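2 protein chains.
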Amino acid sequence: MDELLLNSNLRLYFSAQFISEYNFIGAEIFAKLRTGGPILREKPTTPFIVLPEEARFAPLVKKSRFALDIGGTLVKLVYSTVCERSIGGEPDVLLNFKKFTGIEACLEFIKENWHDRVSDDVLHCTGGGSFKYAEMMHKSLGVKVKRTDEMRSLIFGCDFLLKNNEDESFTYHHEAVGIERYQYKPIDTDSIYPFLLVNIGTGISVLKVDSQSTFQRVGGSSMGGGAFIGLGHLLTSAQNFDDLLLMAEKGDHRKCDTLVCDIYGGSYENLNLPGDLIAGSFGKCSRIGKHSSESDIAKSLLLMISNNIGQEPGVFIRKRS
Amino acid sequence: MDELLLNSNLRLYFSAQFISEYNFIGAEIFAKLRTGGPILREKPTTPFIVLPEEARFAPLVKKSRFALDIGGTLVKLVYSTVCERSIGGEPDVLLNFKKFTGIEACLEFIKENWHDRVSDDVLHCTGGGSFKYAEMMHKSLGVKVKRTDEMRSLIFGCDFLLKNNEDESFTYHHEAVGIERYQYKPIDTDSIYPFLLVNIGTGISVLKVDSQSTFQRVGGSSMGGGAFIGLGHLLTSAQNFDDLLLMAEKGDHRKCDTLVCDIYGGSYENLNLPGDLIAGSFGKCSRIGKHSSESDIAKSLLLMISNNIGQEPGVFIRKRS
Numbered sequence: 001m002d003e004l005l006l007n008s009n010l011r012l013y014f015s016a017q018f019i020s021e022y023n024f025i026g027a028e029i030f031a032k033l034r035t036g037g038p039i040l041r042e043k044p045t046t047p048f049i050v051l052p053e054e055a056r057f058a059p060l061v062k063k064s065r066f067a068l069d070i071g072g073t074l075v076k077l078v079y080s081t082v083c084e085r086s087i088g089g090e091p092d093v094l095l096n097f098k099k100f101t102g103i104e105a106c107l108e109f110i111k112e113n114w115h116d117r118v119s120d121d122v123l124h125c126t127g128g129g130s131f132k133y134a135e136m137m138h139k140s141l142g143v144k145v146k147r148t149d150e151m152r153s154l155i156f157g158c159d160f161l162l163k164n165n166e167d168e169s170f171t172y173h174h175e176a177v178g179i180e181r182y183q184y185k186p187i188d189t190d191s192i193y194p195f196l197l198v199n200i201g202t203g204i205s206v207l208k209v210d211s212q213s214t215f216q217r218v219g220g221s222s223m224g225g226g227a228f229i230g231l232g233h234l235l236t237s238a239q240n241f242d243d244l245l246l247m248a249e250k251g252d253h254r255k256c257d258t259l260v261c262d263i264y265g266g267s268y269e270n271l272n273l274p275g276d277l278i279a280g281s282f283g284k285c286s287r288i289g290k291h292s293s294e295s296d297i298a299k300s301l302l303l304m305i306s307n308n309i310g311q312e313p314g315v316f317i318r319k320r321s
Numbered sequence: 001m002d003e004l005l006l007n008s009n010l011r012l013y014f015s016a017q018f019i020s021e022y023n024f025i026g027a028e029i030f031a032k033l034r035t036g037g038p039i040l041r042e043k044p045t046t047p048f049i050v051l052p053e054e055a056r057f058a059p060l061v062k063k064s065r066f067a068l069d070i071g072g073t074l075v076k077l078v079y080s081t082v083c084e085r086s087i088g089g090e091p092d093v094l095l096n097f098k099k100f101t102g103i104e105a106c107l108e109f110i111k112e113n114w115h116d117r118v119s120d121d122v123l124h125c126t127g128g129g130s131f132k133y134a135e136m137m138h139k140s141l142g143v144k145v146k147r148t149d150e151m152r153s154l155i156f157g158c159d160f161l162l163k164n165n166e167d168e169s170f171t172y173h174h175e176a177v178g179i180e181r182y183q184y185k186p187i188d189t190d191s192i193y194p195f196l197l198v199n200i201g202t203g204i205s206v207l208k209v210d211s212q213s214t215f216q217r218v219g220g221s222s223m224g225g226g227a228f229i230g231l232g233h234l235l236t237s238a239q240n241f242d243d244l245l246l247m248a249e250k251g252d253h254r255k256c257d258t259l260v261c262d263i264y265g266g267s268y269e270n271l272n273l274p275g276d277l278i279a280g281s282f283g284k285c286s287r288i289g290k291h292s293s294e295s296d297i298a299k300s301l302l303l304m305i306s307n308n309i310g311q312e313p314g315v316f317i318r319k320r321s
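For the record, the sequence lines run as chains A and B.
Take the first sequence: its position 64, counted from the start at 1, is 64 in our numbering, and no numbers get skipped.
Take the second sequence: its position 204, counted from the start at 1, is 204 in our numbering, and no numbers get skipped.
Relax, there's no trap hidden among the hints.
Intra- or inter-copy, both count: the list cannot distinguish identical chains.
Below 30 Å or equal to it, Euclidean Cα-Cα: the simulated DSSO-like pairs (lysine-lysine) are:
1. Lys255 / Lys99
2. Lys163 / Lys185
3. Lys98 / Lys255
4. Lys132 / Lys255
5. Lys146 / Lys163
6. Lys76 / Lys255
7. Lys98 / Lys146
8. Lys63 / Lys163
9. Lys132 / Lys208
10. Lys144 / Lys132
In short, the hints are calculated from the structure, not lab data.
Source: prediction; values computed, not measured.
Given the sequences, and given the hints that come with them, work out the whole structure.
Shown next, in the form of structure tokens:
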């Protein structure tokens with residue numbers, strides 16, 4: 001994730017890394033609540049980006065904002081904080097990202113961290129949980145809860161980033177190494193639309209987006225993050241998404257998957273299928289079965305699901321071209 | 001499988017069922033090898049079809065034929081036998097189907113059952129294993145081994161069945177019950193092509209077939225029978241494909257899968273997604289995890305893989321229409 005933002009205006013920091021890179025010494029918290037001045041905080045322990053100094057972000061210096069996306073698997077919180085610069089100047093406005101596996105823990109966190117909230121404040125929410133938990137959130141936090149349609153918010157956000165963030169989009173080159181894999185290219189703001197938006201949540205939605213306000217769902221599947229975490233939980237000892245990814249990094253999928261060369265002894269020329277192509281995910285597990293290593297299984301699962309996610313939009317793109 | 005052939009000219013029998021239905025008393029095996037007469041055998045213990053009385057099948061009364069498809073997961077054998085009719089008349093020619101998980105067991109079976117084989121006989125083979133095991137098969141059986149391209153054979157076979165077997169194709173109605181689900185309709189032989197052929201093996205290939213000899217692979221995925229059996233083996237105590245299907249029949253996928261109503265409390269109107277649609281396969285397993293029942297897991301796995309198989313061709317069909 002960090003790698004992906006190297007060429008971006010909006011840089012993502014994980015706090016430990018930020019502290020070592022910038023020799024940051026924890027600033028004291030001194031609340032200027034009710035005086036109208038900024039509430040300076042320590043750098044948060046969650047990943048964050050430092051917002052550019054632009055007029056549209058200035059109100060965030062005076063007033064915190066919190067917003068939630070409550071999906072089928074995770075609750076995602078984004079909120080603003082203000083932080084004193086280590087080397088003088090105006091304070092930085094940070095946009096912080098935190099995820100929870102349940103709404104209760106999330107509300108506790110918001111209560112503890114949204115100090116300047118008053119009853120007129122609005123907690124903006126998207127996702128299915130914004131219907132289910134609206135009353136609970138209002139009672140717990142004492143602020144207004146406003147639902148916004150998930151897909152419209154998503155498209156609005158994409159539009160904002162593509163238009164405002166230089167080099168937001170990149171071409172991926174699998175054969176290259178490290179950062180070379182991501183070939184950034186500034187996008188012409190006049191030629192953003194139409195695009196296909198593949199929304200990876202618990203499941204997958206593929207949207208054809210014709211403008212900021214016109215879109216239709218053209219496809220989707222039940223195999224997204226929910227299947228990755230759910231199957232990962234059943235198949236391995238990993239406790240969460242990050243554990244599972246770390247596990248997969250060490251694995252060799254060729255021990256679980258049947259490759260074209262396992263069936264044909266090489267490539268299958270008549271259909272132009274190379275020998276190292278995965279013919280059948282987990283195909284070898286019907287024999288080696290429960291003796292497969294956890295990391296090989298995690299890698300095979302990651303490839304099965306991520307390849308599958310890439311496939312449906314690929315068909316639509318071929319259709320268009 | 002049997003249900004699907006009820007309206008068909010070619011009826012599939014599982015032997016136990018055949019024996020009870022037709023009150024069949026095992027005919028004595030008396031080999032007429034070298035006399036040119038038919039080699040009468042007992043009804044085999046494998047599933048079979050009785051071939052119609054047609055001139056093109058007559059040579060099979062005189063001479064057995066054996067053919068193999070050696071895939072990445074299973075070895076499939078089809079062979080002819082001749083069987084005395086229980087109620088007089090000409091003997092029946094049976095086409096028998098048997099599957100093996102390894103080539104060795106298959107070759108043993110062929111040796112024991114292909115009595116009239118001579119060195120000029122040809123064992124026709126398709127599949128990746130026809131490359132890997134050609135020499136082994138020749139040495140073991142003492143017959144010639146001839147490879148045929150898998151996809152060409154498949155298309156030839158489809159063409160043959162669609163043209164010769166009345167009501168070979170049907171429309172599936174999920175909401176109906178039992179046999180009513182399959183609405184058979186004879187196919188006009190002039191309008192067979194073009195069609196999409198979804199070949200479900202270890203993995204999936206989607207072929208656009210324009211004629212008996214012209215086709216191209218337009219898609220495919222690594223999630224087919226190999227993934228079903230491999231993951232099924234890792235996740236449950238089922239020992240094989242049939243066990244896994246029986247297990248799935250008793251399961252309730254809603255205990256493993258996250259439905260749209262689990263996220264939204266009902267349907268998601270903005271995207272026209274009904275409440276009982278699977279939003280994320282195995283989405284609930286990240287929480288209930290290893291306490292899920294085996295049959296619920298098997299059902300969820302079956303739906304994940306079969307829905308996924310249906311999806312890609314669906315996109316191509318929408319593309320065409």
